[in-house]
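Colleague: These are the residues of each chain, in order.
2 protein chains.
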Amino acid sequence: MTTPQAFRIGALARLSGVKIETIRYYEREGLLAKPGRTAGGIRIYRPSDAQRLAFIRRTRELGFPLGEVRELLGLADRRSRSCRRVHAVAAAHLTEMRRKIEDMRRMERILAGMVADCAEGTLPDCPFLEALACVDWASR
Amino acid sequence: MTTPQAFRIGALARLSGVKIETIRYYEREGLLAKPGRTAGGIRIYRPSDAQRLAFIRRTRELGFPLGEVRELLGLADRRSRSCRRVHAVAAAHLTEMRRKIEDMRRMERILAGMVADCAEGTLPDCPFLEALACVDWASR
DNA sequence: CTTGCACCCTGTAGTGACTACAGGTGCAAG
DNA sequence: CTTGCACCTGTAGTCACTACAGGGTGCAAG
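As you go down the protein sequences, you meet chains A and B in turn. Heads up, the final residue of the first sequence is numbered 177 in my numbering, and it's a clean run with no missing numbers. Heads up, the final residue of the second sequence is numbered 177 in my numbering, and it's a clean run with no missing numbers.
Derived by calculation from the structure, the hints in this document are not laboratory data. Certain hints may be false.
Copies of the same chain look alike in the list, so a pair counts if it works inside one copy or between any two.
Okay, derived cross-link-like pairs now, SDA-like style, lysine to any residue, Cα gap no bigger than 20 Å in a straight line [what the hints assert, rightly or not]:
1. Lys137 with Cys171
2. Lys56 with Val152
3. Lys137 with Arg45
4. Lys137 with Phe44
5. Lys137 with Leu52
6. Lys56 with Phe92
7. Lys137 with Glu98
Given the sequences, and given the hints that come with them, work out the whole structure.
Modeller: This is the structure:
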């Protein structure tokens, strides 16, 4: 099974796992070059477009916002000799991601405790609602 | 220092740690009752509004979307005898949150490895960009 | 009384990253 | 030649705010 040399947006979507609407959105946003068109106006993509889209998808999956995806694409295009800038962007994102994970884990611990207190049932004053109404949030 | 019996939106914002615009947004969305007004149209809040807003804030901080905040507020208002529904909503949210944490931790591990490979510097082909272009993502 | 200032009002638009139509056209198979 | 899927553009909706613009209110000092 080989990839054809030219294909339409539906095939690109299947190939890349990115939805058609999202591909068109990336084009509007300038992340993907405007592809060629048939006489009738249908977009025609080449393997290089699929590669670029895969890069975008993987970068997004790592949680980079589109602005940073754009920057990383630019750095990749420019084949800049060093990866100093790439490293900086990635390291900052990693730090940010770790911060978010810690935030979520903190929330998760609090929530888990509250769910455990709320014994699935017929208690007269739901401890979960009580906690939301009264918890001492200074001691997070 | 006691809380006054009536105060304006700025004081409520300071008291609750919720921004003025957000308070007005919650009112538009029906999470907060429409407060009384002065002759000139200025919103006047009472301590019970501050309590309700604190409930909303804490519920939001636990990551519940506004729709679920609305539902929990309703359950708290109705003082429904059992907390079965509360437990169901909260447990579902906890499961969802744990899923998100796992997703983020997976991303974080991959990203950390890539950042480590990209040795801060002057490598000719940045391994980070290479990974984005080529990584075998089946083996996530 | 007037001025000044902080505070408040409404309404609208922008954010990020899509997603979901509505209403139309292209193209290939039978 | 018709059927029917794939594709097109453009707009609006999502979530939970946030940021104005362009005014009005209320209170104290001068």
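Colleague: Provide an ascending list of the numbers of those earlier hints which the structure does not satisfy.
Modeller: 1, 2, 3, 4 and 5
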